[in-house]
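Enquirer: Each chain is listed here by its residues.
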Amino acid sequence: MFYDVIIIGAGLAGLMAAEAAQCQGARVLILAKGMGSLPLTTGCIDVLGYFPSTSRTPLSSPATALTQLRENHPHHPYVKVGQERLLFALAHFQELCRSGGMPYDGFFDSNFLIPTPLGTFHPTCLVPETMRSGNLSIPGSILLLGFEGLKDFSPFLAAENLNFLHSQGRIAPSFRAEIMERLDLAGKALNGLNLAKAFDGKSFREMFAKKAKIFLKPGERLGLPAVLGLHSSLEAWKDLQKKLNTEIFEVPMPPPSVPGIRLYDLLKTHLRGRGVRLVIGLSTLRPIAEKQRLVGFSLGSSKKGPFCKASAFVLATGKFIGGGLSSERSKIYETLLDLPVFHPQNRKEWFHPRLLGIEGQPFNGFGVEVDENLKPIGSRGQIIYSNLFAAGGIIAQADSIKGGRCFWVNLHIFFDFRITFRMGRTNQCRGSHPKKTSHLRYRIAHSAHRNVIKQTARPHIDHPKTCLAKLGHAG
Amino acid sequence: MKTEVVVIGGGATGAGVLRDLALRGIEAILLERDELTSGTSGRNHGLLHSGARYAVNDPDSARECLAENQILKKIASPCIEDTGGFFLSLPQDPPKYPEELLRACKGLGIPAEETPVAEVLQKEPALSPKIKRAIRVPDASIDPFRLIRANVEEAERVGAKFFPHREVIAILTDGRLIHGVVAKDSRNEEVFQISCRFIINAAGVWAGKVAQMGGASLEIVFSKGSLVVLNQRLVNSIINRCRPPSSGDILVPHGPALIIGTTSQTTDEIEDPSVDEQEVDLLLSEGEKMLPQVSSTRAIRAYAGVRPLMGAREADEDSRKITRDFLLIDHGEIDGIKGLFSIVGGKLTTYRLMAERTVDAICKEMGNKTPCSTAEKPLPFPAAYTFRDLGSRLRRVLEWSALREPDEILCECELVTKKEVSQEIKNLPYLSLKEVQERTRAGMGPCQGGFCSPRLTALLSEAGKIPPGKSLSILKEFLEERWKGIRPVLWGPQLREEQLIQALYAELFNLDHL
Numbered sequence: 001m002f003y004d005v006i007i008i009g010a011g012l013a014g015l016m017a018a019e020a021a022q023c024q025g026a027r028v029l030i031l032a033k034g035m036g037s038l039p040l041t042t043g044c045i046d047v048l049g050y051f052p053s054t055s056r057t058p059l060s061s062p063a064t065a066l067t068q069l070r071e072n073h074p075h076h077p078y079v080k081v082g083q084e085r086l087l088f089a090l091a092h093f094q095e096l097c098r099s100g101g102m103p104y105d106g107f108f109d110s111n112f113l114i115p116t117p118l119g120t121f122h123p124t125c126l127v128p129e130t131m132r133s134g135n136l137s138i139p140g141s142i143l144l145l146g147f148e149g150l151k152d153f154s155p156f157l158a159a160e161n162l163n164f165l166h167s168q169g170r171i172a173p174s175f176r177a178e179i180m181e182r183l184d185l186a187g188k189a190l191n192g193l194n195l196a197k198a199f200d201g202k203s204f205r206e207m208f209a210k211k212a213k214i215f216l217k218p219g220e221r222l223g224l225p226a227v228l229g230l231h232s233s234l235e236a237w238k239d240l241q242k243k244l245n246t247e248i249f250e251v252p253m254p255p256p257s258v259p260g261i262r263l264y265d266l267l268k269t270h271l272r273g274r275g276v277r278l279v280i281g282l283s284t285l286r287p288i289a290e291k292q293r294l295v296g297f298s299l300g301s302s303k304k305g306p307f308c309k310a311s312a313f314v315l316a317t318g319k320f321i322g323g324g325l326s327s328e329r330s331k332i333y334e335t336l337l338d339l340p341v342f343h344p345q346n347r348k349e350w351f352h353p354r355l356l357g358i359e360g361q362p363f364n365g366f367g368v369e370v371d372e373n374l375k376p377i378g379s380r381g382q383i384i385y386s387n388l389f390a391a392g393g394i395i396a397q398a399d400s401i402k403g404g405r406c407f408w409v410n411l412h413i414f415f416d417f418r419i420t421f422r423m424g425r426t427n428q429c430r431g432s433h434p435k436k437t438s439h440l441r442y443r444i445a446h447s448a449h450r451n452v453i454k455q456t457a458r459p460h461i462d463h464p465k466t467c468l469a470k471l472g473h474a475g
Numbered sequence: 476m477k478t479e480v481v482v483i484g485g486g487a488t489g490a491g492v493l494r495d496l497a498l499r500g501i502e503a504i505l506l507e508r509d510e511l512t513s514g515t516s517g518r519n520h521g522l523l524h525s526g527a528r529y530a531v532n533d534p535d536s537a538r539e540c541l542a543e544n545q546i547l548k549k550i551a552s553p554c555i556e557d558t559g560g561f562f563l564s565l566p567q568d569p570p571k572y573p574e575e576l577l578r579a580c581k582g583l584g585i586p587a588e589e590t591p592v593a594e595v596l597q598k599e600p601a602l603s604p605k606i607k608r609a610i611r612v613p614d615a616s617i618d619p620f621r622l623i624r625a626n627v628e629e630a631e632r633v634g635a636k637f638f639p640h641r642e643v644i645a646i647l648t649d650g651r652l653i654h655g656v657v658a659k660d661s662r663n664e665e666v667f668q669i670s671c672r673f674i675i676n677a678a679g680v681w682a683g684k685v686a687q688m689g690g691a692s693l694e695i696v697f698s699k700g701s702l703v704v705l706n707q708r709l710v711n712s713i714i715n716r717c718r719p720p721s722s723g724d725i726l727v728p729h730g731p732a733l734i735i736g737t738t739s740q741t742t743d744e745i746e747d748p749s750v751d752e753q754e755v756d757l758l759l760s761e762g763e764k765m766l767p768q769v770s771s772t773r774a775i776r777a778y779a780g781v782r783p784l785m786g787a788r789e790a791d792e793d794s795r796k797i798t799r800d801f802l803l804i805d806h807g808e809i810d811g812i813k814g815l816f817s818i819v820g821g822k823l824t825t826y827r828l829m830a831e832r833t834v835d836a837i838c839k840e841m842g843n844k845t846p847c848s849t850a851e852k853p854l855p856f857p858a859a860y861t862f863r864d865l866g867s868r869l870r871r872v873l874e875w876s877a878l879r880e881p882d883e884i885l886c887e888c889e890l891v892t893k894k895e896v897s898q899e900i901k902n903l904p905y906l907s908l909k910e911v912q913e914r915t916r917a918g919m920g921p922c923q924g925g926f927c928s929p930r931l932t933a934l935l936s937e938a939g940k941i942p943p944g945k946s947l948s949i950l951k952e953f954l955e956e957r958w959k960g961i962r963p964v965l966w967g968p969q970l971r972e973e974q975l976i977q978a979l980y981a982e983l984f985n986l987d988h989l
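Line order of the protein sequences matches chains A and B. FYI, my numbering numbers position 383 of the first sequence as 383, with every residue one higher than the one before it. Position in the second sequence (first residue = 1) + 475 = my numbering.
So here's chain A without its partners, still in its complex pose (with noise of 0.2 Å):
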């Protein structure tokens, strides 16, 4: 089987990936072991949450800090990219999820802070519309409704420290606390999956909003855990906000959450209607190299097992969460190419003394070197397989600057990778290609927290065509 594109991974950077070459016409093959880590996730999008890194106050806004980011940081991946770039990637992603269902709120040039189960705040920049009322630039009261028997979500707990926040002037909204009675989900476990599942129905939807109905007072905001539907949650957002006459939202929670779920899902469902071809629970994958090319992957560990050929690989296995990356007591590697991981050998110095120190921890920091191209590159800086690409987690430093650590190269792999797979496209290549995507409106939606965060001039955003145009990359 031959494509144009295999990529390793099936987390947001993989399946962007793949997103960002069917949109170029490429033949796509996603090869994981299983459904990534955005499940390990909040479902939002960070940018950059704090600048410098460790600053104390958040970020109000991605766009200002990236001119700092270019003088302070020079190889830093979005100064590599360019604000256009990532502008453009943000915008598509928004645009893939507004028509897949799942739209999402935000812009470039300002952060969100969204309230946690503990009760502290997290800096966003791409929030699902679902957890938009959350914002606490927004002033108000809030009612943090929790279910009895849901363990990771106390709203006592929250509420006290977020009114401790208010109280400090740290944070606009006040905050009150009340739990529903165990919820009957017909003998299902009570988790976070399950009571989602049941969200979807309408017949769930009626009576749970009967029962919240008793506790709202008037004028409240509405906050529960992030569990309002799995596959059709905008669709309950809607419904209950509609039942309950507020505004609702949702707070992201530990692992597994649903809002990553729900992201994984989405970007699945529309890749596979692009005609990319994921193939999901593969345990062994053996790289076969020609040189210094990758000519493809053998799908079992018989030489005779399936073969899939590509002209371009992109190596998106994350960090040691995602299993792109193993470790031994004094020893790191890359698990599928054994690419170089630059590492000290003492175990002692890849962490930091303090778990929750400001200044991060170093092993989050460890990875594939790459070039400008994102190429993976050895010590000497020579490029390891011509055709070979990284992105997301697994590059080193990707975790160099806080917040930005889910995003950056997911996304701006978009224009590098066209022309190498184009160039190396062969005549076994057949079948037709899946459309390209012509229809990427961009759209400023207006919302209720722009009024309240603190505007700053917001660029100019091309349309993708103009962008490409003006990048040199137009086709």
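Bear in mind the hints are in silico, worked out from the structure with no lab data behind them. Hints may contain errors.
Said to hold, decoys possible - Derived DSS-like pairs: lysine-lysine, alpha-carbon spacing no greater than 25 Å straight-line:
| # | chain 1 | residue 1 | chain 2 | residue 2 |
| --- | --- | --- | --- | --- |
| 1 | B | K764 | A | K331 |
| 2 | A | K331 | B | K959 |
| 3 | A | K348 | B | K894 |
| 4 | B | K894 | B | K951 |
| 5 | A | K188 | B | K894 |
Go by the hints and put chain B onto chain A.
Expert: Just chain B now, kept in the frame of chain A:
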């Protein structure tokens, strides 16, 4: 405040002394600068020695261990798992040591018996097939947290008082006779005074400092012992290496885990001993020789305790040669400070005997003729309490769910439920997550509290067991303590899990910026 005896130090010795005093009807107060078991008593391998380990080199210690082993199995059986133990001789070990050991044990009356290797391997199939000889001994594993708390709880029931978080800052004397102590509440800096006739210094590694406050002198050698906890109970018996004491010569099964001990290194770092990576690697590579799976099993934590040993400084080079026997010092006789006693050295296994001797000495001074009853009277444990293995925990969770009584498992690793924790903390004042952990095992499993600690924090906060506004700092304090123990053993799957946990706290909860 006024009392008869002030006991300083909430470790095994102090707790034992408090119980003994209380049972003999003597009014007493126990002061602990931190929490119960926060010193060496909570940082050992939880081994109930049979005495065999010391039989060859330290017969006095061995004799005491044997006697106390038998007593504790009677009075504290709910917190002892009578696993039995073996001494294993490997091809590279001194070939004459097994004979020496057997002879010494026989002389001391320790029931040690040569067992065919095939029989041992059948009982413990994970052991190395290279074993040459095996000697069976009556070692057992013991839960020091439960044991020590039971001592204090019984003492309190018969009238003694225990004050945690009170650090003694001065001893009041007139130069010849003590008459009280000054202590400070470490939580609110409040300073208070207690008048008393006797002070028992059971401050462990800090005993020298306490003696000095009273104008007495006491020289202690500090010996650090580091240990590694493995996620799996690879053996069901205590496994000793049959050679003179050395690093990595003991494996102790504890509930679902296995503890590998112990290094011995003179140190000056007594406040917050930490384990370094080389020590971990040494323990694992030595442990592996007896139990090959050690290196491929997940290590979940490393910790260190400091033994307070009485010994001449000449022994600096090798603190293993210093006797593990204890010493009771009457500073009235030695330094002319009447009323001040120090009890130092010894083992967890001999804590009761140490307490008995100490209280005997005080009773003699007082003219109190009540005999010691701690060796006969069983310690009180909650009726439901048995040694907490995962199997019985699972059975209980299943029983509850069969009764359709909804409950939540807060700690998935150790199967600790919300009800259980609520029950444990019901009658307690403010408490830390570490105290909950010691009472329930919550947070002791592979994720080391990574996932359950926010839940426990929420539970404590909702139950009013955390002072208002302190929940995040209590959580952070616990997480940092946990981090200290897991940092030296982070590689492989443990590092993978840790990255997820770190992401939870630093990313989602944003605790590194708040």
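Enquirer: Which earlier hints can't be squared with this structure?
Expert: Number 3 - this is the single hint that the structure violates.
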